[in-house]
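Undergrad: Spelled out, the chains give:
Protein chains: 2
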Amino acid sequence: MDLSPLVVENDSKIVLVVLDGLGGMADAEHGTELEDARTPNLDRLAAEGVTGLLEPVGPGITPGSGPGHLALFGYDPTEFELGRGTLSAAGLGFDLRPGDVAARGNLCTIDAEGNVTDRRAGRIPDDRARPLIERLQQGVSVDGVEVSFRHERQHRLLVAWRGPDLDPRVADTDPQHTGVPPLEPRALDPAAERMAQVAAATVARARRVLAHEPVANGLLLRGFDSQRELPSFAERYGLRPAAIAVYPMYRGISALLGFEVLGPPEDLAATVDLLAKHWGEADFFFVHHKDPDAAGEDGNREAKIAAIERLDAEIPRIVELGPTVIAVTGDHATPAQMAAHSWHPVPVLVHGERCGRDDVERFGERWCGGGGLGFRPSKELMALLLANAGRLAKYGA
Amino acid sequence: MDLSPLVVENDSKIVLVVLDGLGGMADAEHGTELEDARTPNLDRLAAEGVTGLLEPVGPGITPGSGPGHLALFGYDPTEFELGRGTLSAAGLGFDLRPGDVAARGNLCTIDAEGNVTDRRAGRIPDDRARPLIERLQQGVSVDGVEVSFRHERQHRLLVAWRGPDLDPRVADTDPQHTGVPPLEPRALDPAAERMAQVAAATVARARRVLAHEPVANGLLLRGFDSQRELPSFAERYGLRPAAIAVYPMYRGISALLGFEVLGPPEDLAATVDLLAKHWGEADFFFVHHKDPDAAGEDGNREAKIAAIERLDAEIPRIVELGPTVIAVTGDHATPAQMAAHSWHPVPVLVHGERCGRDDVERFGERWCGGGGLGFRPSKELMALLLANAGRLAKYGA
Numbered sequence: 402m403d404l405s406p407l408v409v410e411n412d413s414k415i416v417l418v419v420l421d422g423l424g425g426m427a428d429a430e431h432g433t434e435l436e437d438a439r440t441p442n443l444d445r446l447a448a449e450g451v452t453g454l455l456e457p458v459g460p461g462i463t464p465g466s467g468p469g470h471l472a473l474f475g476y477d478p479t480e481f482e483l484g485r486g487t488l489s490a491a492g493l494g495f496d497l498r499p500g501d502v503a504a505r506g507n508l509c510t511i512d513a514e515g516n517v518t519d520r521r522a523g524r525i526p527d528d529r530a531r532p533l534i535e536r537l538q539q540g541v542s543v544d545g546v547e548v549s550f551r552h553e554r555q556h557r558l559l560v561a562w563r564g565p566d567l568d569p570r571v572a573d574t575d576p577q578h579t580g581v582p583p584l585e586p587r588a589l590d591p592a593a594e595r596m597a598q599v600a601a602a603t604v605a606r607a608r609r610v611l612a613h614e615p616v617a618n619g620l621l622l623r624g625f626d627s628q629r630e631l632p633s634f635a636e637r638y639g640l641r642p643a644a645i646a647v648y649p650m651y652r653g654i655s656a657l658l659g660f661e662v663l664g665p666p667e668d669l670a671a672t673v674d675l676l677a678k679h680w681g682e683a684d685f686f687f688v689h690h691k692d693p694d695a696a697g698e699d700g701n702r703e704a705k706i707a708a709i710e711r712l713d714a715e716i717p718r719i720v721e722l723g724p725t726v727i728a729v730t731g732d733h734a735t736p737a738q739m740a741a742h743s744w745h746p747v748p749v750l751v752h753g754e755r756c757g758r759d760d761v762e763r764f765g766e767r768w769c770g771g772g773g774l775g776f777r778p779s780k781e782l783m784a785l786l787l788a789n790a791g792r793l794a795k796y797g798a
Numbered sequence: 402m403d404l405s406p407l408v409v410e411n412d413s414k415i416v417l418v419v420l421d422g423l424g425g426m427a428d429a430e431h432g433t434e435l436e437d438a439r440t441p442n443l444d445r446l447a448a449e450g451v452t453g454l455l456e457p458v459g460p461g462i463t464p465g466s467g468p469g470h471l472a473l474f475g476y477d478p479t480e481f482e483l484g485r486g487t488l489s490a491a492g493l494g495f496d497l498r499p500g501d502v503a504a505r506g507n508l509c510t511i512d513a514e515g516n517v518t519d520r521r522a523g524r525i526p527d528d529r530a531r532p533l534i535e536r537l538q539q540g541v542s543v544d545g546v547e548v549s550f551r552h553e554r555q556h557r558l559l560v561a562w563r564g565p566d567l568d569p570r571v572a573d574t575d576p577q578h579t580g581v582p583p584l585e586p587r588a589l590d591p592a593a594e595r596m597a598q599v600a601a602a603t604v605a606r607a608r609r610v611l612a613h614e615p616v617a618n619g620l621l622l623r624g625f626d627s628q629r630e631l632p633s634f635a636e637r638y639g640l641r642p643a644a645i646a647v648y649p650m651y652r653g654i655s656a657l658l659g660f661e662v663l664g665p666p667e668d669l670a671a672t673v674d675l676l677a678k679h680w681g682e683a684d685f686f687f688v689h690h691k692d693p694d695a696a697g698e699d700g701n702r703e704a705k706i707a708a709i710e711r712l713d714a715e716i717p718r719i720v721e722l723g724p725t726v727i728a729v730t731g732d733h734a735t736p737a738q739m740a741a742h743s744w745h746p747v748p749v750l751v752h753g754e755r756c757g758r759d760d761v762e763r764f765g766e767r768w769c770g771g772g773g774l775g776f777r778p779s780k781e782l783m784a785l786l787l788a789n790a791g792r793l794a795k796y797g798a
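The listed protein sequences derive, respectively, from chains A and B.
Quick note on our numbering: the first sequence kicks off at 402 and runs consecutively.
Quick note on our numbering: the second sequence kicks off at 402 and runs consecutively.
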């Protein structure tokens, strides 16, 4: 239901901590990464608070980062769509204009047969990737179109095109697995033929520029998108929202929703430093921790557990700030066994004076399933956070 | 989904016991009122039956009594709205006609500075309130409008206006807390300017009539509303429904849905007496117990526990009547810590020959969360009751 007629403002503060890719998949050998992580601080919040399981988009649906976050912010991800290109542009502060098309690029490794051998070019470090992106910017041109390359982090970059007749309905070129060639950019609508040709030319010229690179010698494109407008989070909920995220894409989605974007911080500790420094300036803080997802995507169970434990260690500093409500959850699952996002549910805890209590004493999927928040779509979380912060008036007489 | 094509009639009997404001909020010191109450009879029904948690209107939404009950009766409370004025009029048997406007009035206490010091005039007893309402009826007149005052219980009354050009879109004058003056009746739509003026004149004259009263010297108005039509419960479900409630508003909502309204009973024991007396005359009985909500709104945890225990003590008498299905739940939560309605989920139990069983042995929020009915919107309960009573045919071939 539309909450806006019920929204009231007060001086409460809400912190939403998102561990990217938090959800896991227990199997015969192991619990989920969260279940097996040592998380005394999160467990304490779970014991003192209420818990549940969230389904980000729908049953069986594996969400991308955009839908996963939109849902957490209370935007139905089947109603509001975001391409990765739009997100990347927003995250980098790139001035994407109406008519432009943007896509997420990955530097990748391609062998002599033309097959992709590493979709992420060995997660090439920033200092080696940056000069390559500059060479692409210098060396790649397409007739009648302005092409822009911007580095994000590691192998990730933004590619944006400005020119007449560009339509974003072009299929991804990332084949999603190795041992096969990149896909051709294919128009998903006749109106996008021109854009498909421009993308093909871009990829071909990029391969020429990178031809002698040992690792990062190819370019994959996905998430072709144009500029979108989203309803303001601040207006929807009567909140002053702020976002703190190391990675550009998450700053991007926050910027699109009208959050004040703080930082960027260098790492998790700096993320919490920024939270403390700007504590007086907002009343809703989105705190993003990317590492569990990155480790999960690498299939590295131990690294994902360690990333969760690093976040746990920062919880006392967040709690000391005295939020009215603190919620901890993820945008989707990234089980290390799958080395990819998945549809599995994501645990959530809500902690505050009015949250009530359930019998759940530990933070983890198998315990949260019996918690007092139940099993529900992620998009319902925002209403619960507002209610816990005393920001929703009574409905009906 | 629309159940009506599936509805079949039989000689089963369903009893729906509603403990108003049943839901609570556990905290570091206590369980919820229900968890901590001694309820051997409800626990036995829970152990022999199935349990779950209900969310009355939606996540984070704090329901008024109208939406809370509509949902339990299977009416989507975001589709069917009821003002308190309509409910009060129906409960009192007041003949509200098309074009009339009705509001809930509260006698209140106002100090020398014009600030509200008690929004409920010390919950003034009936025998002291009744003569004051009569004085209002004698002493308050507004040009061109017929104003009616009817006492409900304690500080509560119905105020109804009949005359040309009255539009109910007027904001409440109840400021919802003390230490501030009553709000001015404000038109929420230009069409309601006249009604706002009529309401202001009514309040001003009421203050003059009550000027020398020590406690009940003011009048607050809320829930301005006009007559509404609701689809008949009897037709929707093929049931002969009857309602037994001490308080007028709950008789009112039942009357609007076409229930036969029995009584009114004086108290809970008389409520169950009426149920027994009229057992042969209906096949769906709505039994309402107001006291847990009243105690919760007063912030009186012990009184709320006692009110729940009083209901528990009546359960054997209800069970002895031999209902096919008995369900026990609440219309919303009223945690004593909040002294107000809240959004927290409400436990439910369903007991009958075909209900199945779960592992829940006690009736209370933290146990019901793991029960066999799951966590679901309150509006889904009616279909489960009909199914348990053998009143829903198979869907599809």
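To be clear, the hints were calculated from the coordinates, so they are not data collected in a lab.
There may be inaccurate statements among the hints.
The list makes no distinction among identical chains, and a pair is therefore deemed to hold if it is satisfied within one copy or across any two copies.
[What the hints assert, rightly or not] The calculated EDC-like cross-link candidates involving lysine to aspartate or glutamate, where the alpha carbons are at most 16 Å apart (straight line), are:
hint : residue 1 : residue 2
1    : K414      : D668
2    : K795      : D573
3    : K795      : E410
4    : K678      : E721
5    : K795      : E585
6    : K678      : D512
7    : K678      : E547
8    : K414      : E715
Undergrad: Under the constraints set out in the numbered hints, which ones does this structure not fulfil?
TA: Hints 1, 5, 6, 7 and 8 not satisfied by this model.
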